[in-house]
Amino acid sequence: MTTVRLSRRAFLAGTSAATLLGATGALPAFAQPAETPKRGGTLTAIIQPEPVTLTPATNTAQPTQVIAGNIFDGLVYYDFDLTPRPSLAERWEVASDGLTITFHLRKGVTWHDGKPFTAADVKWTLENVWKTVHPRNRALFENVAETQTPDEHTVILKLSRPSLPILSVINAVGGPILPRHLYEGTDLLNNPYNNKPVGTGPFVFKEWKKGEYILLERNPNYWDPGKPYLDKIVFRVITDAAARAAAIEKGEVLYAPFNPVPFRDVERLAKLPNLKVETRGYEWLSPVLYLDLNVENTHLKDVRVRRAIAHALDREAIAKVVWFGYGKPAISPVPSTLASFFDDSVPRYAFDPRKAEALLDEAGFKRGADGTRFTLTHDPLPYGDDYRRTGEYLKQALKRVGIEVNLRAQDSAAFIKRVYVDRDFDISSSYNAAFPDPQIGVVREFWSGWLGTGTPWTNGSGYRNARVDEIIQSAAIAGDPAQRVKLFKEFQQIAVSDVPTLPLLELKFFTVHAAHLKGAVAQGDQVYAGLKNAWIDDGPRQN
Amino acid sequence: MSLITLAAPTPHAAPRSGFLWRLLRRPSGVVGLLLLAAIIAVAASAPLLYPDDPLDMVAQPFLWPGQDAAYPLGTDMMGRDIASGIFHGARVSLLIGAVAASVSLLIGTATGALAGYYGGRTDAALMRVTELFQTIPPFLFALAIVAILQPSIPTITLAIGITAWPSLARLVRAEVLKLRNGELVQASIALGAGDLRIIVLHILPNTLAPIIVSASILVASAILTESSLAFLGLGDPNVVSWGGMVGAGREVLRTDWYIATLPGLAIVVAVLALNLLGDGLNDALDPKGERRA
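Residue numbers (the UniProt record's numbering), protein chains in the order written: chain A, 1 to 543; chain B, 1 to 293.
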């Protein structure tokens, strides 16, 4: 059990590493709980798997970001509708040409070691971390030609070309700001503060006992008055899924993000009066499960075959049976959570095996004597049972329309090499976090510029479409939001019509927390944000 | 030493009927044989009773055993018939068990016989190789081989076969060493028989007892190893196997324990059958035991 759960965690971690920009912004001004929060108490939480490092600057693995979100602040955080809200930046302006972005920083903020937080920290981090080593930010910040700091509390980004998605990634883990005085002139990757981080966030790093727990304590000098409410947070490492479920059930653990227990256990836990299962707080990630159909395959290169496969799969069944309801059918590679970009009018591939058969016949692949048209391989993402079951569903569903599917299994290193480097596969499954802007998480699956680079979780299908490339490049540098929406809608029409990558589900991750833990889910990037709004309601107040 | 050698039955001196009779006189032998026969019957009848693919999603998921007469053992989380899975899984388990044990037998017996017969440098070299294999835990070794080669029935069988032979090799070597200097072999050498003839015709038949007993245990452990590999996700995903069913059911153990338990019971029965049979064979083939009886 441990092994499999570990691989699922590893998967989340791996995907996050490959896709995440980071995210935490814990600013509480909004979402005040109706009840008056109570100060004090120790929150026990689960971190799974144990992180390898605690700095979000160089590592975007999921557990690192969960911890770091409590220690660092971003310039902004994201609301449930993904609107940026003030955090370290009190306000910001984007010039009408999109070439200048000005951030006005909060005054009186100090690092955990007491030194003041200033514009110089932001400038140094942008130039030395976001533009160079941060796994996802490089592409978004490369157009920043100059960073000006006219005074201690103003940062002005001068861009050579507009890069609007910047505003979607500057929360605590997407755009973590490092203390310049501890990092300047050091070897960034080996700086000792990577594992005893100093931030400006609501909680101060205290202790990391490897294999057991990570202890954070309340930041008494936090800039948001009265917050955080909790005295301490202990992130416990519990590698066994059954043990996690038991700890949550018994109330030993009050907060557990990122699918800490198997799906089937959730139904049971959700019925308990002392627990809450929450799917909010993941809006900023917007993960989409998809199949990559290798367009270099002799059968899959025919768009009719790809459409037939789309018609042969019942996404409702995948959502209900395979994913236990923790997903909803996706119709576009841009998830519906990205409401302004999502195009509802893309072609639909209704579940219709007969139409699938007709399309396959039309493509010239008739059923042979044994009822089989042709054989394909399928490599499910090797990150746990959910993807394996998705593959088993695919095998049975395609068999019904005469396509034999051979499932293959391997470890993640072999999977990445096979799909993205050797391209020795027919159909693979994976998921990508879309993030608030299609530019960040979605277009990488379709842009031909990634082909040949071997970069994981990019263009797996091998798709090349000149118009799509053109749209992607125009949208990247378009300064007008309306123009970008228009471009992304056209992109979705082509991508869904050509269907090199077949979106299956918009996945719903879940958090399990104690019912008496209030304010634990208060924003759209909550799982990567600080728990500064969380408080423990341990009974009726006397006064 | 020579007394024991003399006491060992020669192939001609072990009448088949007597051996079977001795086996059937032992409860462990009888029970083992019956259970094994039942499993073989299950495996043989799978295509007749459940002609459809056992991986097909045929009914509503999470039907408990007895809830629907059409699916007496219920359905799993994907709505697959568990009874069908157990029947078809028996074929996979028996096939892998038998073939992997044969591979082990072949390698183990050959290595042990050559090492024991020739002694000296041959023995030293072969035993170093055997020890090399013995230093690596067989399960981890098999795991590594399957992970590298990709899980499929042939690679899993091969991996189990080539990791399970060292103990058998040592066993056979010890037996051969006992016989090597016995009068039977010395007499054969004096009559001018070749090495191969002596090994195959005179030595191996006299080591059959331990080999047969080991074989039944090897089959049982091969079935267990395959199940463990499948449990860890390294089974052949295109076929249904008992270990794979247990592995898939593990996630829902708290709520729907029957999904992992039923194929688990099948594994227990199969391994138990082979171990009982091994016990029975051991007693039946042991001349000392027979004298005591």
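It is worth saying that the hints were derived from the structure and are not from the lab.
Bear in mind that the values here come from a model prediction, so they are computed numbers and not experimental data.
No residue lacks a Cβ here, since even glycine has one placed at the ideal position from N, Cα and C.
Treat each hint with caution, since some may be false.
To be verified - Stretches of chain B that chain A covers, calculated by requiring three or more beta carbons in the stretch to come under 8 Å of a beta carbon on chain A: (1) 74-83; (2) 183-190; (3) 209-222; (4) 258-268.
Unchecked claim - Some residues of chain B that are not near chain A, with every Cβ distance over 12 Å (derived): (5) 33; (6) 41; (7) 43; (8) 62; (9) 158; (10) 162; (11) 201; (12) 204; (13) 234; (14) 235; (15) 239; (16) 240; (17) 244; (18) 271.
Here is how each hint holds up against the structure:
Restraint check on the region 74-83 of chain B versus chain A: 3 residues with Cβ-Cβ distances below 8 Å, three needed, restraint holds. With 0 residues having a Cβ less than 8 Å from any Cβ of chain A, the region 183-190 of chain B misses the three-residue criterion, and the hint is violated. As drawn, the region 209-222 of chain B meets chain A at 0 residues by the rule of a beta-carbon pair under 8 Å; below three, the given contact is violated. Given as covered by chain A, the region 258-268 of chain B fails the check, having 0 residues with a CB less than 8 Å from a CB of that chain where 3 are the minimum.
With a cut of 12 Å on Cβ distances, residue 33 of chain B stays outside the contact zone with chain A, its closest approach being about 35 Å. Once the 12 Å rule is applied to beta carbons, residue 41 of chain B is consistent with being away from chain A; the minimum gap is 28 Å. Against chain A, the non-interface label of residue 43 of chain B holds: every CB pair exceeds 12 Å, the least being about 22 Å. For residue 62 of chain B, the non-interface assignment is contradicted: its Cβ lies about 8 Å from the closest Cβ of chain A, within the 12 Å cut-off.
The beta carbon of residue 158 of chain B is kept farther than 12 Å from every beta carbon of chain A, the shortest such distance being approximately 16 Å. Non-interface call for residue 162 of chain B relative to chain A: holds, since the shortest CB-CB distance, roughly 20 Å, exceeds 12 Å. With 12 Å as the threshold on Cβ separation, the claim that residue 201 of chain B sits away from chain A holds: the shortest Cβ distance comes to roughly 46 Å. The Cβ of residue 204 of chain B lies farther than 12 Å from every Cβ of chain A, with a closest approach of about 39 Å, so its non-interface assignment holds.
With a closest Cβ-Cβ approach of about 7 Å to chain A, residue 234 of chain B is found to fall inside the 12 Å limit, against its non-interface label. Not every CB of chain A is more than 12 Å from the CB of residue 235 of chain B (nearest about 8 Å), against its label as outside the interface. Residue placement check: residue 239 of chain B does not keep its beta carbon more than 12 Å from all beta carbons of chain A (closest about 10 Å). Interface exclusion of residue 240 of chain B from chain A breaks down, the closest Cβ pair being 10 Å apart, not more than 12 Å.
A Cβ of chain A approaches the Cβ of residue 244 of chain B within 12 Å, the least distance being about 10 Å, so the stated non-interface status is violated. Separation of residue 271 of chain B from chain A is adequate, the least Cβ-Cβ distance of about 21 Å exceeding the 12 Å criterion.
Hint compliance for this structure: hints 2, 3, 4, 8, 13, 14, 15, 16, 17 are not met, and every other hint is.
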